[in-house]
Amino acid sequence: MRGLWNLTWLEIKIFVREPLGLMGNIIMPVLVFVGLGRMMGGRVDSSARLRGYLDADVPVLVVMLIALNAVLSLVTIIAIYREGGILKRLRATPLRPHTILTAHVLVKLIFSAVTLLLTAVAGRRFYPVAIDAPWLGVTAALLISTISILSIGFLVASLVPTARFAQPVGTALFYPMLAVSGLFVPIATLPSALQVVSHFVPLTYAVSLLRGIWIGDAWSAHVGDVAALVVVFGVCTALSSRVFRWE
Amino acid sequence: MSGPASLAIQVSGLRKRYGSTVAVDGVSFDVRDGEIFGLIGPNGAGKTTTMECVEGVRTPDEGRVSVLGLDPVRDAYALQLRVGVQLQEAQLQKRITVREAVALWASLYRASTDPRALLEQLGLADKRDAWFMTLSGGQKQRLFIALALINDPELVFLDELTTGLDPQARRAIWDLVRGIRARGKTVFLTTHLMEEAERLCDRVAIIDHGRIVDVDSPASLVRRHCPERTVLVSTADPLAQAQLQEMAGVIVTADDAGVVAIRGTHDDLMTGVIQCVADHRIRVTDFRTIVPTLEDVFLKLTGHSVRE
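Protein chains in written order, with the numbering used here: chain A, 1 to 247; chain B, 248 to 555.
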């Protein structure tokens with residue numbers, strides 16, 4: 001355990017030293033949140049639909065972006081560490097393999113949490129509508145979603161051949177998922193082929209769970225979403241533990 | 248304890264395939280306590296694969312490996328605590344500082360040497376706060392040596408330690424490795440540099456195409472496989488060639504420039520030539536000897552140069 005905290009703390013420090021690390025991962029989502037809110041905020045009283053967007057869709061979008069950011073950054077960093085022989089070097093120590101990988105997941109979760117906190121604080125001051133979400137439930141829903149999506153990230157990180165492919169492959173995989181997840185367009189209004197696709201996209205369940213909990217649904221209404229995310233986590237973790245390459 | 252107890256590493260019948268390529272093909276050797284043992288051969292001969300099977304980083308297909316009495320795969324974590332490892336072409340996080348790397352490593356082991364003294368000794372004291380990416384090749388290698396020594400290990404693995412370093416940095420690292428042995432540790436290293444093996448190793452195993460060709464001390468290997476020595480004598484004396492020819496068991500040739508070459512396999516070839524030159528009062532303007540090296544042994548045993 002000692003190794004885990006030491007490694008996690010070290011990786012946090014190293015991440016902060018990246019030239020674009022903090023900017024891309026923490027500042028950007030906050031700016032997107034405040035910016036989108038401001039753009040729509042002027043007409044908020046004239047349109048109930050807009051009001052609906054602001055109440056739940058924009059925050060959920062921002063939360064999803066934060067989660068995806070974490071996943072893409074995890075995929076990239078694992079690929080870079082593998083290519084540079086860093087993973088192999090760390091493995092030739094008393095550190096257990098899962099400790100090394102857990103440290104990276106923790107770093108991403110911690111940065112996501114910080115980003116969320118900043119977003120919430122900025123939202124109180126600048127967001128046009130007051131957000132009244134059940135925070136505890138949202139946090140739990142977010143944790144389930146993020147860990148499930150991170151497990152997909154690990155599978156991608158296990159399969160990408162080189163660090164150069166990591167970012168583009170990750171982006172090409174996750175952003176289209178977001179497009180059919182029901183966040184931008186209700187799934188019922190998608191062409192029927194895409195509707196089918198969306199049922200196989202893990203992000204759909206994450207979005208459904210997050211938005212539902214956000215607007216105050218009971219957890220019992222989202223058992224299916226949670227189950228889907230748990231299955232995704234189980235399958236991806238099992239697969240990546242088989243195909244993960246350390247070098 | 249006696250016998251096997253004095254062996255740090257025992258390898259027998261080690262085999263490792265990658266797809267249809269056989270990287271290591273039935274390798275057996277022992278490493279004794281307290282020696283510097285070198286696995287030498289060209290790139291792709293199977294050195295690193297062999298070493299990584301011994302370290303426990305890789306799982307062999309066949310064969311038995313015992314390191315400090317432990318099985319490197321089954322007892323991986325018990326073993327990691329007692330050995331130090333430097334991997335070929337390894338990197339660290341670009342923006343980790345020397346101090347942080349050493350502190351992390353020190354925190355992972357129960358036994359730890361004083362990190363400050365270690366960095367001092369390796370000439371990295373003034374680089375403590377430098378990021379890994381800003382270090383020179385030699386400094387990176389010295390940091391990897393520091394990490395390999397941080398747990399005061401009984402056995403140190405060094406894989407192609409000086410590849411890519413300039414001669415000066417290389418010599419400094421050789422001194423460090425001798426220092427490890429002087430503290431009673433065992434060193435198992437690989438190198439494709441025959442000079443390095445010759446200067447550093449107590450014993451070497453020559454490996455080619457995944458098989459061990461021979462194991463012995465560098466001097467014994469040379470004596471056994473390339474006993475022939477050559478003395479080159481430059482002289483204007485027209486009788487010199489005939490006079491040197493009188494020596495027993497030598498082949499003498501001369502070229503147009505007045506250089507007489509005396510070849511023989513006797514240990515006392517040089518004494519004989521000096522004696523003969525003195526007896527016949529031959530005026531010599533230059534006197535050189537050509538002694539075979541591990542490089543020649545390698546060529547003789549494998550039929551190709553180590554660089555090919």
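Incorrect hints may have been included.
Unchecked claim - The list that follows gives simulated cross-link-like pairs (lysine-lysine, BS3-like), each with its CA atoms no further than 25 angstroms apart: (1) Lys341(B) / Lys88(A); (2) Lys13(A) / Lys88(A); (3) Lys13(A) / Lys547(B); (4) Lys387(B) / Lys88(A); (5) Lys341(B) / Lys374(B); (6) Lys387(B) / Lys13(A); (7) Lys387(B) / Lys374(B); (8) Lys387(B) / Lys341(B); (9) Lys88(A) / Lys547(B).
No wet-lab data here; the hints were simulated from the structure.
The hints, checked one at a time:
1. Using a Cα cut-off of 25 angstroms, the hinted pair Lys341(B) and Lys88(A) holds, with the two alpha carbons roughly 15 angstroms apart.
2. Of the pairs offered as hints, the one joining Lys13(A) and Lys88(A) holds, with about 21 angstroms between alpha carbons and a cut-off of 25 angstroms not exceeded.
3. For the hint linking Lys13(A) to Lys547(B), the alpha-carbon distance of about 54 angstroms lies beyond 25 angstroms, and the restraint is violated.
4. In summary, the hint linking Lys387(B) to Lys88(A) is supported, as the alpha carbons are separated by about 16 angstroms, within the 25 angstroms threshold.
5. As the CA atoms of Lys341(B) and Lys374(B) are separated by approximately 14 angstroms, the hinted pair is consistent with the 25 angstroms bound.
6. In summary, the hint linking Lys387(B) to Lys13(A) is supported, as the alpha carbons are separated by about 20 angstroms, within the 25 angstroms threshold.
7. At roughly 11 angstroms between alpha-carbon atoms, Lys387(B) and Lys374(B) fall within 25 angstroms of each other, so this suggested pair holds.
8. Proposed proximity of Lys387(B) and Lys341(B) is supported: the alpha carbons are some 11 angstroms apart, at most 25 angstroms.
9. Restraint check for Lys88(A) and Lys547(B): the C-alpha separation of about 36 angstroms exceeds 25 angstroms, so the hint is violated.
Comparing the model with each numbered hint stated earlier shows that hints 3 and 9 do not hold.
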